[in-house]
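Protein chains: 2
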Amino acid sequence: MILDGLVSEVPVSGSRFTVEYRLAGNEADAYAMAQDICVEQTVECPIGILPDRIRQNILGRVESIEKAPDGAHRARIGFPVEVAGTELTQLLNVIFGNVSIKPGIRVEHVEFSETLLRNFRGPRFGRNGLREVVHAQGRALFSTALKPMGLKAAGLAELAGQFATGGIDVIKDDHGLANQPFADFRERVSRCADAVNAVNQKAGLHSIYAPNVTAPADEILERARYARQMGAGGLLIAPGLTGFDAMRCLADDDGLGLPILSHPAFQGTYVLSPDHGISHQVLFGLLPRLAGADATIYPNYGGRFSFTQDECRSIVRGTEMPAGKLRPIFPAPGGGMRMDRAPELAAFYGPDTIFLIGGGLMSAGPDLVENCRQFRRLIES
Amino acid sequence: MILDGLVSEVPVSGSRFTVEYRLAGNEADAYAMAQDICVEQTVECPIGILPDRIRQNILGRVESIEKAPDGAHRARIGFPVEVAGTELTQLLNVIFGNVSIKPGIRVEHVEFSETLLRNFRGPRFGRNGLREVVHAQGRALFSTALKPMGLKAAGLAELAGQFATGGIDVIKDDHGLANQPFADFRERVSRCADAVNAVNQKAGLHSIYAPNVTAPADEILERARYARQMGAGGLLIAPGLTGFDAMRCLADDDGLGLPILSHPAFQGTYVLSPDHGISHQVLFGLLPRLAGADATIYPNYGGRFSFTQDECRSIVRGTEMPAGKLRPIFPAPGGGMRMDRAPELAAFYGPDTIFLIGGGLMSAGPDLVENCRQFRRLIES
Numbered sequence: 001m002i003l004d005g006l007v008s009e010v011p012v013s014g015s016r017f018t019v020e021y022r023l024a025g026n027e028a029d030a031y032a033m034a035q036d037i038c039v040e041q042t043v044e045c046p047i048g049i050l051p052d053r054i055r056q057n058i059l060g061r062v063e064s065i066e067k068a069p070d071g072a073h074r075a076r077i078g079f080p081v082e083v084a085g086t087e088l089t090q091l092l093n094v095i096f097g098n099v100s101i102k103p104g105i106r107v108e109h110v111e112f113s114e115t116l117l118r119n120f121r122g123p124r125f126g127r128n129g130l131r132e133v134v135h136a137q138g139r140a141l142f143s144t145a146l147k148p149m150g151l152k153a154a155g156l157a158e159l160a161g162q163f164a165t166g167g168i169d170v171i172k173d174d175h176g177l178a179n180q181p182f183a184d185f186r187e188r189v190s191r192c193a194d195a196v197n198a199v200n201q202k203a204g205l206h207s208i209y210a211p212n213v214t215a216p217a218d219e220i221l222e223r224a225r226y227a228r229q230m231g232a233g234g235l236l237i238a239p240g241l242t243g244f245d246a247m248r249c250l251a252d253d254d255g256l257g258l259p260i261l262s263h264p265a266f267q268g269t270y271v272l273s274p275d276h277g278i279s280h281q282v283l284f285g286l287l288p289r290l291a292g293a294d295a296t297i298y299p300n301y302g303g304r305f306s307f308t309q310d311e312c313r314s315i316v317r318g319t320e321m322p323a324g325k326l327r328p329i330f331p332a333p334g335g336g337m338r339m340d341r342a343p344e345l346a347a348f349y350g351p352d353t354i355f356l357i358g359g360g361l362m363s364a365g366p367d368l369v370e371n372c373r374q375f376r377r378l379i380e381s
Numbered sequence: 001m002i003l004d005g006l007v008s009e010v011p012v013s014g015s016r017f018t019v020e021y022r023l024a025g026n027e028a029d030a031y032a033m034a035q036d037i038c039v040e041q042t043v044e045c046p047i048g049i050l051p052d053r054i055r056q057n058i059l060g061r062v063e064s065i066e067k068a069p070d071g072a073h074r075a076r077i078g079f080p081v082e083v084a085g086t087e088l089t090q091l092l093n094v095i096f097g098n099v100s101i102k103p104g105i106r107v108e109h110v111e112f113s114e115t116l117l118r119n120f121r122g123p124r125f126g127r128n129g130l131r132e133v134v135h136a137q138g139r140a141l142f143s144t145a146l147k148p149m150g151l152k153a154a155g156l157a158e159l160a161g162q163f164a165t166g167g168i169d170v171i172k173d174d175h176g177l178a179n180q181p182f183a184d185f186r187e188r189v190s191r192c193a194d195a196v197n198a199v200n201q202k203a204g205l206h207s208i209y210a211p212n213v214t215a216p217a218d219e220i221l222e223r224a225r226y227a228r229q230m231g232a233g234g235l236l237i238a239p240g241l242t243g244f245d246a247m248r249c250l251a252d253d254d255g256l257g258l259p260i261l262s263h264p265a266f267q268g269t270y271v272l273s274p275d276h277g278i279s280h281q282v283l284f285g286l287l288p289r290l291a292g293a294d295a296t297i298y299p300n301y302g303g304r305f306s307f308t309q310d311e312c313r314s315i316v317r318g319t320e321m322p323a324g325k326l327r328p329i330f331p332a333p334g335g336g337m338r339m340d341r342a343p344e345l346a347a348f349y350g351p352d353t354i355f356l357i358g359g360g361l362m363s364a365g366p367d368l369v370e371n372c373r374q375f376r377r378l379i380e381s
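Top line first, the protein sequences correspond to chains A and B.
Residue numbers for the first sequence follow this note's numbering, beginning at 1 and rising by one.
Residue numbers for the second sequence follow this note's numbering, beginning at 1 and rising by one.
Bound conformation, chain A alone (with noise of 0.2 Å):
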C-alpha cells in the first residue's frame, strides 16, 4: 500500500474527547453513519488505505448508538485530544467541519475532556466575575442596546446615559452598530463610554458601556483595546460572522480583561432544523463558553424569534452545566423582552440571567430613565 511505509509512529494520549450526534434515520443507518463520522471527521480518506497505527490512533471511535424517543438515535464518538490539536478552530472542525455537509447529523452535545480543556482558558470572568464587575449581587442583570443605526454618536451618548441613569448594568451597542459614517466606530465610542461613566461616578453607579467589535478580522483587536482605552468596560462581538476564536483571542488578551458578550448573529441556521445542524445546548451554551464568552445573547421564547421554553432553557443549562474548569456564564436572552411579560420572565429564567431589553425600553412610555427603572422593578418584585 501506498502509505505504509510513510508511518513510523503515532504519538497520542490516548485522551479522548466525546461529541453526541443525533442521526437521522433507522438502526441500520445509524451504524453506517456514526462509522463515517469516525472517518470523515479525521482521515478522511477510504480506511482501506491506512496502516494500522492511523486506524488505530487516529480514527473516531464510536462509544455507544441509543435509540432515542424521537426515533432518530444518538450516537456518542470519541475523537483523539490530539486530532483537535489544541486550538479552538481545529476542534470545531472535528466536531462538525465535514460532516456539516451531511444531512441527518446535528451535534446535540460536546463532552470536553479535562485534557481537551488545557488548551482552552474559558471565560475570563463568568457569572460570579461579572457580578464583581458591575456590583450586582443576588439579583438579575440588565442590558439593552444602543440604537437605531442612523443616530450620530451623540444622540447614541444621549441614550446610554440616560439607560445608565436609569439603572442597566450593561448597555451594549446594537449587534448593526459598525463602522458607518452615521455614527463611526471611535467617536461613537468614545462618547458612548464617556456618558456611562460620567453617570457612574455622578450617581455612585457601575453600569459598563459594552461597544461591538465585530469588524474586519485585522480590526477586532485594534478596536478594542481602543474601547478599553476610551473607557468601555465590556465588548461586543458577534462570533458567527468573525469565527469563534476570534471571541477566543479577546477574551484570552489579558492586557484587555474585560468581560465579553456573545451575539448570534449569522448563527441561526445551525439550530433550525431537528435533522441538521447544532443544539442549542451546544451552539449558544457550551460553544461561546469555551470560547470565552461571559454571557450569550439568543433570542428569547415567545418573543419575535421561535426558540421554544425548552430550547432557551436547554441553553441555560448550556450556560451552567459541569464542563470542567469552564466558568459558568450568563444567558441573556432578548429579542421581544416587553415591559408586560417581565414577571413571567423573571419566574422563567430566575435571577442568574441577564434580561435584554431593547426597543421595549423605548416603546414603554416617553420617560426612557423611568421606563428602565420600571422594567427592573418588575422583574425584581
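Hints are computed from structural coordinates only; laboratory data are not their basis.
Each residue gets a CB set at the ideal place from its N, CA and C atoms; glycine is no exception.
Treat the hints loosely; a few may be bogus.
What the hints assert, rightly or not - Straight-line alpha carbon distances no greater than 16 Å define the calculated EDC-like cross-link-like pairs of lysine to aspartate or glutamate that follow:
id : chain 1 : residue 1 : chain 2 : residue 2
1  : B       : Lys102    : A       : Glu311
2  : A       : Lys67     : A       : Asp275
3  : A       : Lys102    : B       : Glu311
4  : B       : Lys325    : B       : Glu114
5  : B       : Lys67     : B       : Glu27
6  : A       : Lys325    : A       : Asp70
As the list claims (entries may be wrong) - Partial selection, computed: residues in chain A whose CB lies under 7 Å from chain B:
id : residue
7  : Val43
8  : Pro46
9  : Ile58
10 : Glu82
11 : Gln90
12 : Ser100
13 : Gln180
14 : Leu241
15 : Ser363
Please build the complex by placing chain B on the supplied structure of chain A, with the hints as guidance.
Chain B alone, transformed into the frame defined by chain A:
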C-alpha cells in the same frame, strides 16, 4: 417620542444593494416577512418609534415579491450601501445576521452594487491569474490533498513530491491538518514546499503547495507569511471556521500575494434546507469570491455528500456570473472523485474547473505518480 430630538441628518448616498430571499409560506406571509426583514436587518426596533429621517434612509425596502414555481415567494430587498458600511462582517450581518434565526428565510442571491464593491477588492488572481501561476492554459486544473492526519511531515512531503511528479497543479493540505503533534505546521509546510519545489525545478513543472492556514485568529497571517517564506505557492482556509473576513485579509495582503482556496468545512448546514439558510450559489460561489478566494472547494454531486447536479451548477454560476469587478474564480469540486467517473465529470464541468481528487488517487493502484497521470489523462481525453 424619545428619539425625535436625537436625529439631525442621516447621510446616505441613495445607493442600494439587493438581496433576494426565498420566503416560505403564502402571499400574506411573504409580504409580512419581507417587511420584517427590512426592519430586522437595519434598525432592529419598532418602526413606530423611528424618526422620519431614519425610516426613509436606513430601512430596507421591498423592491419586488414574486411567487416562485415551488410555491414559496421570492422577495428582492434593497439595503442602503451605508448600512453595510465598508466591512465584510457588517455586510454579511445585513444580508443574513438576525434573520438567520428566523425560520422560512433563505438567501437566494445577492446583487452587489458598484458602490458597494468599491469597498472590496475580490480575488487577486481569479481563473486567469491562477492559470498563469501554474502554467495551465486551455485545460482543466488538478488538485489533491495531503493526508491522512497521523503521517509525519516527512511522509506528507514524500506524498507531495509524488503528486507534483504526477502533474497535480495544486497540492493542498487536507483541511484537517492544522498544527497537531504528528506534523506541526512549521515543519510540515517547510518540508512539503521543499518537496514540491524540488520536483518543479528538476522537471520544469509549476505545481504549487497550498498549506492549510485555518488557525487561531491571531496566528493566521503569521502562518501565511511563514508559508510564503518557505516557498508555498497558495493558501487553504476554511471561512466557516475562521470567518469570511479572515480570508479577505489574506487575499488583500500585498506582502503575501498568494492564490487562496476556500474550504467548506462547518458551512454545510446553511445549504441543507430549502427553507432556511443560504443558497449554494451565494455561499459557495458569490461569497468566497467577494471575500477574495481564487477557487472554491465544494462537495461534488454523486460522491459521499448530497449535493445535486443542479446545486453544483449553481455554484459554478456563482463563480463566474457577472458581479462588477469581481474576477471569475475556479469551482473546485471534490469529495468522491474517482478514476472511473473522470469522463463523466470532465463532460459535466468542462475545462474551467479544478478537479480535486483525494483518497481516489491513493486507492487506484500501487503507483501514486501513475495514478495522478492516469487521472489527468482521463479528464483531458
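Hint by hint, here is what the structure shows:
no., hint, verdict
1, B/Lys102 with A/Glu311, "holds, 14 Å"
2, A/Lys67 with A/Asp275, "holds, 15 Å"
3, A/Lys102 with B/Glu311, "holds, 14 Å"
4, B/Lys325 with B/Glu114, "holds, 8 Å"
5, B/Lys67 with B/Glu27, "holds, 8 Å"
6, A/Lys325 with A/Asp70, "violated, 33 Å"
7, Val43, "holds, 4 Å"
8, Pro46, "holds, 5 Å"
9, Ile58, "holds, 4 Å"
10, Glu82, "holds, 6 Å"
11, Gln90, "holds, 4 Å"
12, Ser100, "holds, 4 Å"
13, Gln180, "holds, 4 Å"
14, Leu241, "holds, 5 Å"
15, Ser363, "holds, 5 Å"
Figure legend: structure checked against the earlier numbered hints; the only hint not met is number 6.
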